[in-house]
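Let the hints inform the model, and build the full structure from the sequences given.
2 protein chains.
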Amino acid sequence: MITATILTIGDEILIGQITDTNSAFLARALNKIGIKVIHMASCSDSKSDILGTLKRCLRHSEIVITTGGLGPTKDDITKNVLMTLSLSGKWVRSQKQYNIIKNILQARGIQMLDINRQQAYVPENCTVIPNRIGTAPIMQFHFPKERFGKDNLLFSMPGVPFETEFATEDVIRAIQAHYRLDKIFHRTICTFGIAESVLSKKIESWEDSLPANLHLAYLPNPILGVRLRLSIYGIGEKEGKEELDKYASSLKAILGDAVYGEGETNPQTVAGELLLERDATISTAESCTGGYLAHLLTEIPGSSRYFWGSVVSYDNSVKINTLGVSPNTVKKYGVVSRECVKEMAEGVRKKLGTTYSISTSGIAGPTGATPGKPVGTLWMAASGPKGTVTATIVSKSTRKINIERFAASALDLFRKSLLAGKI
Amino acid sequence: MITATILTIGDEILIGQITDTNSAFLARALNKIGIKVIHMASCSDSKSDILGTLKRCLRHSEIVITTGGLGPTKDDITKNVLMTLSLSGKWVRSQKQYNIIKNILQARGIQMLDINRQQAYVPENCTVIPNRIGTAPIMQFHFPKERFGKDNLLFSMPGVPFETEFATEDVIRAIQAHYRLDKIFHRTICTFGIAESVLSKKIESWEDSLPANLHLAYLPNPILGVRLRLSIYGIGEKEGKEELDKYASSLKAILGDAVYGEGETNPQTVAGELLLERDATISTAESCTGGYLAHLLTEIPGSSRYFWGSVVSYDNSVKINTLGVSPNTVKKYGVVSRECVKEMAEGVRKKLGTTYSISTSGIAGPTGATPGKPVGTLWMAASGPKGTVTATIVSKSTRKINIERFAASALDLFRKSLLAGKI
Chain W
1 MITATILTIG DEILIGQITD TNSAFLARAL NKIGIKVIHM ASCSDSKSDI
51 LGTLKRCLRH SEIVITTGGL GPTKDDITKN VLMTLSLSGK WVRSQKQYNI
101 IKNILQARGI QMLDINRQQA YVPENCTVIP NRIGTAPIMQ FHFPKERFGK
151 DNLLFSMPGV PFETEFATED VIRAIQAHYR LDKIFHRTIC TFGIAESVLS
201 KKIESWEDSL PANLHLAYLP NPILGVRLRL SIYGIGEKEG KEELDKYASS
251 LKAILGDAVY GEGETNPQTV AGELLLERDA TISTAESCTG GYLAHLLTEI
301 PGSSRYFWGS VVSYDNSVKI NTLGVSPNTV KKYGVVSREC VKEMAEGVRK
351 KLGTTYSIST SGIAGPTGAT PGKPVGTLWM AASGPKGTVT ATIVSKSTRK
401 INIERFAASA LDLFRKSLLA GKI
Chain F
1 MITATILTIG DEILIGQITD TNSAFLARAL NKIGIKVIHM ASCSDSKSDI
51 LGTLKRCLRH SEIVITTGGL GPTKDDITKN VLMTLSLSGK WVRSQKQYNI
101 IKNILQARGI QMLDINRQQA YVPENCTVIP NRIGTAPIMQ FHFPKERFGK
151 DNLLFSMPGV PFETEFATED VIRAIQAHYR LDKIFHRTIC TFGIAESVLS
201 KKIESWEDSL PANLHLAYLP NPILGVRLRL SIYGIGEKEG KEELDKYASS
251 LKAILGDAVY GEGETNPQTV AGELLLERDA TISTAESCTG GYLAHLLTEI
301 PGSSRYFWGS VVSYDNSVKI NTLGVSPNTV KKYGVVSREC VKEMAEGVRK
351 KLGTTYSIST SGIAGPTGAT PGKPVGTLWM AASGPKGTVT ATIVSKSTRK
401 INIERFAASA LDLFRKSLLA GKI
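For the protein sequence lines, the chains are W and F, in the order given. Residues 1 to 423 (our numbering) are what the first sequence spells out, left to right. Residues 1 to 423 (our numbering) are what the second sequence spells out, left to right.
One thing to keep in mind: the hints can contain errors.
Said to hold, decoys possible - As a list, the in silico BS3-like pairs of lysine-lysine whose alpha-carbon atoms are at most 30 Å apart:
id: 1; chain 1: F; residue 1: K74; chain 2: W; residue 2: K32
id: 2; chain 1: F; residue 1: K102; chain 2: W; residue 2: K396
id: 3; chain 1: F; residue 1: K74; chain 2: F; residue 2: K96
id: 4; chain 1: F; residue 1: K145; chain 2: F; residue 2: K183
id: 5; chain 1: F; residue 1: K145; chain 2: W; residue 2: K55
id: 6; chain 1: F; residue 1: K96; chain 2: W; residue 2: K400
id: 7; chain 1: F; residue 1: K55; chain 2: W; residue 2: K55
id: 8; chain 1: F; residue 1: K74; chain 2: W; residue 2: K201
Just so you know, the hints here were simulated from the structure itself, not pulled from any lab data. Since the model is a prediction, treat every value here as computed from it, not as a measurement.
Set out below in structure tokens:
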């Protein structure tokens, strides 16, 4: 099996100023084509440190991907280290990258300086993968087995997450072109609201029936639920996809409406798709989620086509005056109640004139428990032309995670209620 | 200088399922007491891998901190590896951790099983730092110079970020008790709205005046602005603090209202403090921030004392019908305009009956530009009993970062306008 090491370069990582998200992103991309990441590491912007770490990594795994240390300023020295490591005799200019740099600076109204020009120069022994959205090119080096004991590919990528993510596809393609990798095909089924242990019990006999070349991975996420990834090896594309279709279908039949989507999706994306399909609109009425539910819906580009707005009613006066919740309901049942979220959802739907609505009211914590309502209690409702559905959960975590879980749970209630024809 | 390496253990890191936030958190805490983190690494849940990596780390730096691999299930083997590495003869039970485990399980209504009991057992050569909020204890090992060439401390911490963060203070205290560290004192000044390059120009002569034992670090953050950390070494506590006070005061005098706070704060925390001091309330009217501004304000525990609510008016009908923006304004100036955000802020303040209000309207992207209003344009307003202040910025980033910057900028406009007596 071809293995990889991911190395992030930069003092800002080691002092904790930046949380490294590139490594996880790259690891997922490598994992998907059947390459095992065996190590991740971070080192400082020091020549000896980068060089030593790179050599160690190249001896341990075929593929090494570095991110960072490619900026135009003096403290970024990765390229100089690669010049040494690759035994390149001279610097050569990548005309493609040079043109990109020129265009980027022009668009920003900045004059091109020597330090910008230098970004287009690379060690001659490398292959350039142009960075289409940034100034630092991606450099690809090949080291034959004689150098470090393995048929190595080394990629140097920029540190800006946006640029790294954008260029990952090109790097993956270069890896696939170089190594003879086992063909591998995936299907990822996203579930919500079932704990990992319960899920594994539920699909036990299905899992036992899987053929030897079909692998199941549990990918739990504290907010988004458990994703189940099916991977099939050593088979042609057509047959592989057919096999995956077959087992994905039987899996989905067992799990029913706990499955909310496939691949890299999330509850807000699915909610948006359901609304677009129906040419429908939505609004939210939020107490404990404090605007986070609206934020999730609006983080999707184009969400203005279906999301009309939200009334965040943190104070009871807003629930009563703006959403039309009855003061009696508040008095009799409290605001964290089935009755209150029902009136909130129906109130915002009417007020904003949307097809559907979602509401939340709960206790995010860390304090605020009342008798019978522990911290982490959520009441939620989804409402539409056919009626209103309510539900409750208890999330035992931090305030931050409780809020995120509350919002995801409310979106899931909306999806289930809509697909069941209840709202 | 005492150096440290941080090692995260777990397959879930290497497949990219989890983004490691523990390392950055620990690095910041170590950095603050003058310990340099020279490497970070991640390895798999394999005995030989953990053992090999640990030995290498211990030879390179005095302090090694691991996180993860301490769960009760079979795949978590860190503790067994530490048994081998520490040459401990036997397992001993930590009575303190045992009691904590018992209480945690009891609170969750779960019966204590053998795998839970085992979590309280540790190699006899370690010192236990009880994990007060989780079941896996923190283990501290001391290896004299004879073992790995350095006077080593090794800490094994749980992988759950919440637990790691909670226990970090105890680990830092143990490190300070063991090594003779140079005393180091800090002051961190948080600025908003000035680019790093402009900032460094502005404080150039002040920076040149700093004594040799006073170090300035720039800590830029794409959302929260640049924090300036002053650190003073080799001086007593009283004198050190006096020196810091002196230089922090002169720095703040130069930067004026660009300084929004000190230490680990952020614009929403500062806004909350200003409101509590004045016994005042606030509401928001949001278009492009889509609820994110309300979310920031409500992520602070206790925010219900001053945050009344928000109207997220994504659709123009909500701006007009719920916030009372004049249809003429929308027609004449568009919704991304000074006039519109002014009416939004004044509308929500009146409607929700709060002392102050903040509003946003802009183009988060990736599309939506109109003539004269590029993607990333934000108009914002802050309103109060003394009047309404408006402002505009252009943020050139992704949709996600634009939204986050918009919200932080609006909070900053509120702070500045309030302190200037304009609202």
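Hints versus structure:
Taken as a hint, the F:K74 and W:K32 pair is honoured in the structure, with Cα atoms around 25 Å apart against an allowance of 30 Å. Among the hinted pairs, F:K102 with W:K396 is consistent with the structure: their alpha-carbon atoms are about 17 Å apart, no more than 30 Å. Taking the CA atoms of F:K74 and F:K96, the gap is about 23 Å. The hint holds against a cut of 30 Å. Taking the CA atoms of F:K145 and F:K183, the gap is near 24 Å; set against the 30 Å cutoff, the hint holds.
In summary, the hint linking F:K145 to W:K55 is supported, as the alpha carbons are separated by about 27 Å, within the 30 Å threshold. Note on F:K96 and W:K400: the hinted pairing holds, with a Cα-Cα distance of about 29 Å set against a maximum of 30 Å. Distance restraint check for F:K55 and W:K55: the Cα-Cα separation of roughly 18 Å lies within the 30 Å cut-off, and the hinted pair is therefore satisfied. Proximity of F:K74 to W:K201 is assessed by CA-CA distance (about 18 Å); at most 30 Å being required, the pair is judged to hold.
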